[in-house]
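Student: What follows is the residue order along each chain.
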Amino acid sequence: GENVEQHPSTLSVQEGDSAVIKCTYSDSASNYFPWYKQELGKGPQLIIDIRSNVGEKKDQRIAVTLNKTAKHFSLHITETQPEDSAVYFCAALGLTGTASKLTFGTGTRLQVTL
Amino acid sequence: NAGVTQTPKFRVLKTGQSMTLLCAQDMNHEYMYWYRQDPGMGLRLIHYSVGEGTTAKGEVPDGYNVSRLKKQNFLLGLESAAPSQTSVYFCASRNKGLSSKNIQYFGAGTRLSVL
Numbered sequence: 070g071e072n073v074e075q076h077p078s079t080l081s082v083q084e085g086d087s088a089v090i091k092c093t094y095s096d097s098a099s100n101y102f103p104w105y106k107q108e109l110g111k112g113p114q115l116i117i118d119i120r121s122n123v124g125e126k127k128d129q130r131i132a133v134t135l136n137k138t139a140k141h142f143s144l145h146i147t148e149t150q151p152e153d154s155a156v157y158f159c160a161a162l163g164l165t166g167t168a169s170k171l172t173f174g175t176g177t178r179l180q181v182t183l
Numbered sequence: 034n035a036g037v038t039q040t041p042k043f044r045v046l047k048t049g050q051s052m053t054l055l056c057a058q059d060m061n062h063e064y065m066y067w068y069r070q071d072p073g074m075g076l077r078l079i080h081y082s083v084g085e086g087t088t089a090k091g092e093v094p095d096g097y098n099v100s101r102l103k104k105q106n107f108l109l110g111l112e113s114a115a116p117s118q119t120s121v122y123f124c125a126s127r128n129k130g131l132s133s134k135n136i137q138y139f140g141a142g143t144r145l146s147v148l
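Those sequence lines, one after another, are chains A and B.
Position one of the first sequence corresponds to residue 70 (this note's numbering), numbered consecutively onward.
Position one of the second sequence corresponds to residue 34 (this note's numbering), numbered consecutively onward.
These aren't lab readings, by the way, just hints derived from the structure by calculation.
None of these values were measured; they are calculated from a predicted model.
Yeah, the Cβ is synthetic: ideal placement off N, Cα and C, and Gly gets one too.
One or more hints might be untrue.
Here are some, though not all, of the chain A residues that point toward chain B, as calculated from beta-carbon distances under 8 Å [what the hints assert, rightly or not]:
no.: 1; residue: K111
no.: 2; residue: F158
no.: 3; residue: F173
Extracted from the complex, chain A is given alone in its bound form:
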């Protein structure tokens, strides 16, 4: 099955700096890569996603890049703000049997300090 590795597990940046979180996946058939943000006491919420036919996608301060050959994708947050502090999860969607399922990374706790 699919295996997703995520690094780093914790990341501390100063407000205004950039943050980068990296993930690798194992199944070359995976074709959809979402990123979720989880705030304390809440469920994960989708913040950005990318499909395998696209190399980069941007939404305001957030961008995601995908390298299919190397099987890795990254989340980039620019001009970080205190409200960006949360746990971020990457995931990969593969086709297995009758339902495609997401496999999640182990999460990155981002702390934005003043």
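Given chain A's structure and the hints, the job is docking chain B onto it.
Tutor: Then chain B, alone, in the frame of chain A:
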């Protein structure tokens, strides 16, 4: 616009007790999922369902049972709770189809402690 609703939000059980976690979605989604979240291990899939009356095992199904009697509800049961089942449980749902957005919407979670 409730989305995905989980009940209860918190629960404490003694070893050997049973309980059922309820997930309800109002988005008419075909697919529903139950995950558990443990520190340092991310989200792991317990069971999932691709439609009313159908369920399938995920990555960590042992000790859990599920039922999908109605399209909008997905129940997760613990017949004999064990301390190893102390975790935060999340339910999610999404549209059917590969051409759809494939976004999974998550509930707010159920924090379960087994003593």
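Student: Against which earlier hints does the structure fall short, listed by number upward?
Tutor: When the structure is compared with the hints, none of them turns out to be violated.
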